[in-house]
Amino acid sequence: MMAVMTAWLGPHAAFIVAAYVVSVLVLGALIGWIVLDRRQLDRKLTELEARGIRRRSDRPPSGAGGAP
Amino acid sequence: MALIDLANPTRFLALSGRLLPWLAGLTALLLAAGLAMAFTAPDDYQQGATVKIMFIHVPFAWLAMFVWGVMSLSALGTLVWRHPLADVAARAAAPLGAAFTLLCLVTGSLWGRPMWGAYWVWDARLTSVLVLFIMYCGVIALWRAIDDPSRAARVAAVITLVGAINLPIIKFSVDWWNTLHQPASVVRVGGPAVDPSLLWPLLVMAVALTLLFVTLHLAAMRNEILRRRLRTLSLMRADAVAA
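Quick mapping for you: the protein sequence lines, in order, are chains A and B.
The first sequence begins at 48 in the numbering used here and counts up by one.
The second sequence begins at 73 in the numbering used here and counts up by one.
To be clear, the hints were calculated from the coordinates, so they are not data collected in a lab.
Beta carbons are placed, not taken as given, at the ideal position from N, Cα and C, and that holds for glycine.
Watch out, some of these pointers could steer you wrong.
Said to hold, decoys possible - Cβ-Cβ distance ranges computed for the label pairs, FRET-style:
| id | chain 1 | residue 1 | chain 2 | residue 2 | range |
| --- | --- | --- | --- | --- | --- |
| 1 | B | Gln254 | A | Ala61 | 50 to 60 Å |
| 2 | A | Ala50 | B | Ile206 | 51 to 61 Å |
| 3 | B | Asp115 | A | Ala97 | 53 to 63 Å |
Unchecked claim - Quick partial rundown of chain B residues pointing at chain A, CB under 8 Å, derived from the structure:
| id | residue |
| --- | --- |
| 4 | Pro114 |
| 5 | Gln118 |
| 6 | Gly120 |
| 7 | Ala121 |
| 8 | Leu168 |
| 9 | Leu177 |
| 10 | Val178 |
| 11 | Asn250 |
| 12 | Asn295 |
| 13 | Arg301 |
| 14 | Thr304 |
| 15 | Met308 |
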């Protein structure tokens, strides 16, 4: 594998491959963190809403139709 | 829709939700094109194939500074206009900026070893970028250390604006001091000094990675808005239990 890389990218292939692999790993971790964070937040928000805890702006209007 | 309408987090969530899939698709397309151009570009006459590291290192360096610039504008939004999304934007951008700065340092080291014979030298450009990385870590720690979100926002905004002084130091360090790091070769008086066969892959990768930042920033801002809603609901629940 490394021999193929060296034939393609020259004597410093290991440094080039390492730079791209590290970049993919860090950016992948960043994307994964954002996606997992969103799932966790959605789950916690759903739990609270299931217990009837809602923001005022999300609550259905109380006494609708009561006023003329 | 006027820009001021986006000050409403609910409207921002709706608009960004529609925009995100398109941005993600465009980012993936441009990244694929940029990588294809990078790996079919000719070798540099001095650097050989290690010039391929430059196609990611340079955009990471630009983004490291650009993200702090975004955070500085957001800091102004927090302190001057009290924009409801300003602190959300700054807080969501900080981990992304830290990651891009770390990648700039790591890819630069991996380029430096075969080209300079050293992973690291205490030259003005490298040191000022390391300082930027430490500043990112510091401001992230600060947000986490202060419980009151509005107080944390104001303190972090002041620190961010003070830290912005490092941006011109990074940019002009290669002109002000005698550094091992080469001077500017793309954004310079007299135009780019890079051959078009290497400049185009670099520019496409820069646009692609900037779009990646915009996409991730919007997604992280949406998370931050939901985190604040979760905090509000948790406080309401605690109040309800206490009553």
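Tested hints:
Checked against the hint of 50 to 60 Å, the C-beta distance between Gln254/B and Ala61/A comes to roughly 23 Å, which is inconsistent with it. In this structure the supplied range 51 to 61 Å is violated for Ala50/A paired with Ile206/B, their Cβ-Cβ distance being about 40 Å. In this structure the supplied range 53 to 63 Å holds for Asp115/B paired with Ala97/A, their Cβ-Cβ distance being about 60 Å. For the restraint placing Pro114/B at the interface with chain A, the shortest Cβ-Cβ distance is roughly 12 Å, beyond the 8 Å limit, so the hint is violated.
For Gln118/B, the shortest C-beta to C-beta distance to chain A is roughly 13 Å, which exceeds 8 Å, and the interface hint is violated. A cut of 8 Å between beta carbons decides the hint on Gly120/B: the least distance to chain A is about 5 Å, and the hint holds. The criterion of a C-beta within 8 Å of any C-beta in chain A is met by Ala121/B, whose closest approach is roughly 4 Å, and the hint holds. The interface hint given for Leu168/B holds, since its Cβ lies 7 Å from the closest Cβ of chain A, which is under the 8 Å cut-off.
Taken as an interface hint, Leu177/B does not check out: its beta carbon lies about 11 Å from the nearest beta carbon of chain A, beyond 8 Å. Residue-level restraint check for Val178/B holds (minimum Cβ-Cβ distance to chain A is 5 Å; threshold 8 Å). Hint status for Asn250/B: violated, given a least beta-carbon distance of 26 Å to chain A, over 8 Å. A least Cβ separation of about 5 Å between Asn295/B and chain A falls short of the 8 Å threshold, and the interface hint therefore holds.
For Arg301/B, the interface hint holds, since its Cβ comes within 8 Å of a Cβ in chain A; the closest pair sits about 7 Å apart. Evaluation of the Thr304/B hint against chain A yields a held restraint, the C-beta minimum of about 7 Å falling below 8 Å. Satisfaction of the interface hint for Met308/B is found here, the shortest Cβ-Cβ separation to chain A being roughly 6 Å, below the 8 Å cut-off.
Hint compliance for this structure: hints 1, 2, 4, 5, 9 and 11 are not met, and every other hint is.
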